[in-house]
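Protein chains in written order, with our numbering: chain A, 1 to 110; chain B, 1 to 113.
It is possible that some hints are incorrect.
Said to hold, decoys possible - Part of the chain A face toward chain B, derived, beta carbon under 10 Å: (1) 6; (2) 30; (3) 37; (4) 50; (5) 81; (6) 82; (7) 88; (8) 101.
Honestly, the hints are just simulated from the structure, not real lab data. Don't be surprised by glycine CBs; every beta carbon is placed ideally from N, CA and C.
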Amino acid sequence: GQQVMQIPQYQHVQEGEDFTTYCNSSTTLSNIQWYKQRPGGHPVFLIQLVKSGEVKKQKRLTFQFGEAKKNSSLHITATQTTDVGTYFCAGQRGNTPLVFGKGTRLSVIA
Amino acid sequence: DGGITQSPKYLFRKEGQNVTLSCEQNLNHDAMYWYRQDPGQGLRLIYYSQIVNDFQKGDIAEGYSVSREKKESFPLTVTSAQKNPTAFYLCASTQRGSGNTIYFGEGSWLTVV
């Protein structure tokens, strides 16, 4: 079945450093979504990418969808302590349920 | 307030007992989901339902059961057949179709002793 791989599993950065997490699907996707889960919380939707090669920005966060619609990345510029949490990508094919990656847990050292 | 309500938030049960986790949504969403989250394992799909009175197994359905008698409700029963039931359980909902955002409840922590 469809698999979504996400790396790295953990990332520790100094506050102010950049951070990137990568997501790769075994199959071509209709769309990819990104979620953030704060420690002790539940996943919250960040963004959805639909088009091949799409790039979207939310303040310090930049999301990319690959040309082949099989991979994606989330890049955070100049991390802050408020960025701490686990970032999940989730891929979808047609009307099938989203398949989540295992997430990247980000720690930010002040 | 619109949203997804899960209860209870924390639950302790003895091994061998069935337990039912509640999930209610007032978002008028057609589709509802149950995920299990273990450390380092991400979110794994247990069951989902895209319409009332119909549901499908996810990747890890063994030892679990669900019902979808009402659009708003999608309870999950963790049966005694589930080998390692201690986990964080997340209920979610969305509109049917592709490209719709999933909204999650706050989760239920189940500990089996």
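Consistency of the hints with the structure:
With a cut of 10 Å, the hint placing residue 6(A) at the interface with chain B holds, because the nearest CB-to-CB distance is about 8 Å. The interface hint given for residue 30(A) is met, as the beta carbon of that residue sits about 5 Å from the closest beta carbon of chain B, less than 10 Å. Satisfaction of the interface hint for residue 37(A) is found here, the shortest Cβ-Cβ separation to chain B being roughly 9 Å, below the 10 Å cut-off. With a least beta-carbon distance of about 6 Å to chain B, the hint placing residue 50(A) at the interface is held under the 10 Å criterion.
A hinted interface residue such as residue 81(A) counts as satisfied when its beta carbon comes closer than 10 Å to some beta carbon of chain B; here the least separation is about 22 Å, so the hint is violated. Hint on residue 82(A) is violated. Least Cβ distance to chain B is approximately 20 Å, over the 10 Å limit. Annotation: interface hint on residue 88(A) holds; nearest CB of chain B at approximately 7 Å, less than 10 Å. This hint holds: residue 101(A) has a C-beta 6 Å from the nearest C-beta of chain B, less than the 10 Å allowed.
Checked against the numbered hints above, the structure breaks hints 5, 6 and satisfies the rest.
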